[in-house]
Amino acid sequence: MDKPRTEPLDDLDRRILAVMQQDNRLSFAELAERVASSAASCVRRVKRLRDAGVIVADIAIVDPKLVGKSLTAVINIELEAERRDLVDAFKRQMRDAPEVTQCYMVTGDADFVVVVTVEDITAFEAFTQKWLYANPNLRKFRSMIMLDRVKFEPRVAI
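Here the sequence shown is numbered in the numbering used here, starting from 15 and rising by one per residue.
Among the hints, erroneous ones may be present.
[Unchecked claim] Simulated crosslink set (DSS-like; lysine-lysine; CA at most 25 Å straight-line): (1) Lys154 <-> Lys144; (2) Lys144 <-> Lys105; (3) Lys144 <-> Lys83; (4) Lys83 <-> Lys165; (5) Lys105 <-> Lys154.
Hints listed in this document are in silico derivations from the structure and should not be mistaken for laboratory results. Owing to the predicted nature of the structure, the values given are computational and were not obtained by experimental measurement.
With these hints in hand, go ahead and build the complete structure from the sequences.
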């Protein structure tokens, strides 16, 4: 499904997006104050940005360790064959895997980079058995276990 076309972002749109990426729980009055606009204008613009798909979701970012998910792994994955139907099937599998928090189709030595967050090494092994070793189109994968999250900013520089 295609996103609706949107008009180019102006400076006020960019200021709104920058502030909302830091805190999207602000009231429209607070948002308007921070971006030097009116609350009514902010309401209209935020609605337009949501309708156009510029704002994709309003979510809470959860600390994985505080909810029992202490192991994060970054996995480079190489597929055996890159036929469209097989690639699409792999994408569906990664979307369906609850442990996968990010999945990117990439260029270079790997075909995909996948980020997995689980409870521990036992849960990680179960993930690899179910989703990776069981996939006949997977040539190989390399896992990197995260030791320290140095920077994590789920935002776009605007």
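Consistency of the hints with the structure:
A distance of roughly 15 Å separates the Cα atoms of lysine 154 and lysine 144; the hinted pair therefore holds under the 25 Å criterion. For the suggested pair lysine 144 and lysine 105, the alpha carbons sit about 15 Å apart, so the restraint of at most 25 Å is met. Proposed proximity of lysine 144 and lysine 83 is supported: the alpha carbons are some 18 Å apart, at most 25 Å. Between lysine 83 and lysine 165 the CA atoms are separated by roughly 18 Å; this keeps the pair inside 25 Å, and the hint holds.
Under the criterion of a C-alpha separation no larger than 25 Å, the hint pairing lysine 105 with lysine 154 is consistent with the structure, at around 16 Å.
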